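Colleague: Residues per chain, in single letters:
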Amino acid sequence: MNAAMIRRLVRLYPRNWRDRYEDEFVALLEQQPATFRAYADVALGAVIARCRAIGGAKFEGLRFSMLDLRLGGRMLVKHPALTVIATIAVAFAIGVGSVGFEIARQALWPTIPLPDGNRIVALQNWNVADNASVPPSRRDYALWRDGLNTITDLSAVEVEERSIAVGAGIGQPETVANVTASTFALTRVPALMGRTLLDADQRGDAPEVVVVGYDFWKNKLDAAADAVGRVIRISGTPVTIVGVMPRGYGFPQRNDLWRPLHLERIPETAPSLRYVIGRMAPGHSRDETRAQAAAIGARAATMFPETNKNVRLQVVSLPDAVGFWDDDVPWLLASMNVFLVLLAALLCGNVAMLLFARAVSRERELLVRAALGASRARLIMQLFAEALLLCAVGAAVGLVVARFVLAATWTMIEGKGGPLPFWLNTSLSTTTILYAFGLALLAAAIAGFVPAIKVTSGGGDRRLRAASSGGGGLQFGGVWTVVIVAQIALTTMLPVPLIGVGAGTRKPPAGFPAETFLTATLAIDRFDGAAASGDTVAAARAMRLETRYRALADRLRQEPGVLDVTYADQMPLMRLQWYAIEAEGIPPNDGNDHCIPNYCAGIVSVDPRFFDVVGAPVIRGNALTTSDAEQKTRAVLVNEFFVKRVLHGRNPIGARMRLASTRDRGAESWYQIVGVVPDLGVSDNEGDWGRASVYQARLPRETGTLRVAIHVRGDPQRFATRLRELAQAIDPALRVIDPKPLPRVRENPSSFWLELLVTLTSVTLMLSLAGVYAVTAFAVARRTREIGVRVALGAQPLHVLTIVFKRPLVQIALGIGVGAMLSLALANNDLSDVHLDDFGRSAVFALSTILCCALACIVPTRRALRIQPTDALRNEG
Amino acid sequence: MTLPVLSPPLLVLASLADGPKHGYAMIEDIKRMTGVTLGAGTLYGAIARLEESGLIQPLRPSERRQPYRITAAGNRELRDKAGATASFAGAALRKLEA
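Each protein sequence line maps, in turn, to chains A and B. Start counting the first sequence at 1; every next residue gets the next number (this note's numbering). Start counting the second sequence at 1001; every next residue gets the next number (this note's numbering).
Hint data in this document are derived by calculation from the structure and do not stem from the laboratory. Hints should not be assumed to be uniformly reliable.
Computed footprint of chain A on chain B, listed as stretches where at least three residues anywhere in the stretch have a Cβ under 8 Å from a Cβ of chain A [what the hints assert, rightly or not]:
hint : region
1    : 1014 to 1025
2    : 1033 to 1043
3    : 1064 to 1073
Pairwise CB distance ranges, derived in the manner of DEER restraints [what the hints assert, rightly or not]:
hint : chain 1 : residue 1 : chain 2 : residue 2 : range
4    : A       : Asp-199   : B       : Ala-1098  : 49 to 55 Å
5    : A       : Arg-50    : B       : Gly-1054  : 19 to 25 Å
6    : B       : Ala-1082  : A       : Arg-20    : 26 to 32 Å
7    : A       : Trp-109   : B       : Ala-1091  : 38 to 44 Å
Bear in mind that the values here come from a model prediction, so they are computed numbers and not experimental data. Think of the CB as a built atom: it goes at the ideal place given N, C-alpha and C, for glycine as much as any other residue.
Using the sequences and the hints, build the whole thing.
Modeller: The structure is reproduced here in structure tokens:
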């Protein structure tokens, strides 16, 4: 090889490598042929040697030992207050972050906890013209079962509400899944006790049997060992329990009762099945299954154009078929995680400030260690080890708490959206635990490395001199100003979400003594046995429900504690169904059919006696009559708010209004206003369009949903059991759903969110304030010597205070300013619903921050001012 | 046990197994044994790592050539790695013969 080239190449190697190997290496190279490969090999060797030099020397200190962790542990014990605050902050950040991540994971990527659960699929009819799914019919099921060989154990499921009575108890509404026996073969889960359903159970003449779930067995049957063989009553019909399913089994949603589905009793072509579910056959992929399903769907569209013309057969996952989440919720949950990570980062910034303050107080110790030969990397790793230990403890605490918070969150979601699907659970997955440890590492990096790098930066000699002279070499500079400003901005912003939730939780006035009313929904079960097939016409069942209601109302009126009974499809205090409307003589809303203020009202179907029973009779015009209900006249009552906002105060009697959507029907579409009633349960926070109400008289069978209001003496809740007893005595198939005092129909499902947000906000605020106080107090305390000098030079206390306050006050002002701007941007969507007290809450938080900072400045400054200048100088020197 | 590949450090150890050698001799020996020609950069990268790990040791230099010898730890390392390779080779051959 060329000697000059060899010299150049060897210079690429690190110095210490050259010192050791240069002579012999050059001697060898001189013997090597001058090829491209030989040169490239030498150059690559230089790169590798340099990397090894960096890894082996400069970053040698970036390995921490047990000694570092032991020292870290000692420091944590030595400063218990800081350790507790920092651990709470980290635990809080990681706990909340883990819960958010687990919920998003289960919503976005659910796993079915059944053997080979990922091969379970559902078949779904999709109408491309309506862009909506169509429930399958018996004919569809038979066609799919016979035609698909890529899916096995195809099962049909029908879900319905039934009145279930155990022993001598009164009937309670429960959800029952009527399933084909193949369902249990599909799920491959054997019964815990007894047996699952058999094909023989589906025969028309088979005895009535039911399989119950673990929760039903435990809660309703007291976990009786002899549960199998017992008889319960479903809609009054005795049914024998033949099996109990194991804990956690709730296929296909979260079901607890399974009865055999008698296919012959349901109409052949009516879309009456809830789900058709199967398992992909071994050796077949999802694509093959989809292709075959599409072919069968196309054949059905040709064979049955009257029902299947625009229908496509799709293969979807079980969670997609059940559709527990609204379409946008999973992605909302995912984006919520971004906020939670930011929150975690900010809290860790807070911890970093505390650790920095502590590290600064150890500045001399660190400088001495550096002077004794510890590299910067060693010092950084020492401080990082402390933060890592702290974050590991915080993560462990956070994960324990997360488990409970997750359970509480699921309970809240269940309260709002109905029973959770059986595949959602309260345990944290391995992925989430790894995520939590990732967060802990992030927290340790923020809380450990940032202060460590800051505290070890700058020339050691210069800092040693500064520290020795008592001046304090380190200050809370630009980085910490950003952290403090962000912290205060968040503190100011955090109450903003409470504004919306707070507005939602304010209860509107009922306008009548609602606390003396018990309300419940009435429904009637379908006929059982062979008669079931004759009870599929909704009108026939509605007629039966009306008869039972009238019997129940008569019976109730004879009860000593009952004053009267009435009904409506929606009760006052409930959120009404709103419709776009137009009033005669009022300029129309440009053909816009959306609900906007002054062109929107809730339409309620009521008992003609409704307003007399609730004690809020008509205040102008006439009341509705029974003949209005019987003849379905177009006479309506409106509330005072309707007169004020929709009719602009005009005389309402005789005025006409109609639904905007029925405009094309001409004269037939108009309703005539015959009277005005007081505003009942009108909320002042639903926007203008939510307060106008229109009432039409309807018979019980025509209300759609039949809700009763029973005026009682005393506590309405106490009457709930009696109501169920009376209903069961009239007809075991009559279900009383959710009886509760009328004011509680307004119970806000988001109260858990409120509690959660209040907790989240309070803890963050507390930690933020603790951090801001500690840092401000520390920064001021470090200026003791400077204050001493100023006082010695004749400075007035007020002047000293001004100098000391300047920096913290600028930081606070910046923080509050940024926070206020962001708050306004967030709240700007609908300020009409925001009350002054909502902003008051924000102002209180901002004021707390200012007070906290002021306190943090005053206490150490006063202490510094009390010290004699000579003492201050002597002590610090 | 993970099967060791014929890495440069292993080749250097194998070359020194029958006695001390300097760089050029090692390159020639390895070429004879395996047909692989190590570049000088690769060879000295391996030598530096082996020396750092205490698996080889420099001897007294003669002129500008620096001979190395394998240490007891190097011998153990070579035996382990070579044994694993031989065991793999044997298993593979048996499969071919079956």
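Colleague: All hints, please: hold or fail.
Modeller: Structure-based check of each hint:
1. Against chain A, the region 1014 to 1025 of chain B contributes 3 residues with a C-beta closer than 8 Å to a partner C-beta. That satisfies the three-residue criterion, and the hint holds.
2. Remark: the region 1033 to 1043 of chain B is confirmed as covered by chain A, as 5 of its residues place a Cβ nearer than 8 Å to a Cβ of that chain, reaching the required three.
3. Given as covered by chain A, the region 1064 to 1073 of chain B passes the check, having 3 residues with a CB less than 8 Å from a CB of that chain where 3 are the minimum.
4. The hint said 49 to 55 Å for the Cβ distance between A:Asp-199 and B:Ala-1098, and at roughly 50 Å that hint holds.
5. Between A:Arg-50 and B:Gly-1054 the Cβ separation comes to about 23 Å, which falls inside the hinted range of 19 to 25 Å.
6. The hinted range of 26 to 32 Å is satisfied by B:Ala-1082 and A:Arg-20, whose Cβ atoms lie roughly 28 Å apart.
7. Restraint check, A:Trp-109 to B:Ala-1091: a C-beta distance of roughly 41 Å satisfies the suggested window 38 to 44 Å.
The earlier numbered hints are all upheld by this structure, with none contradicted.
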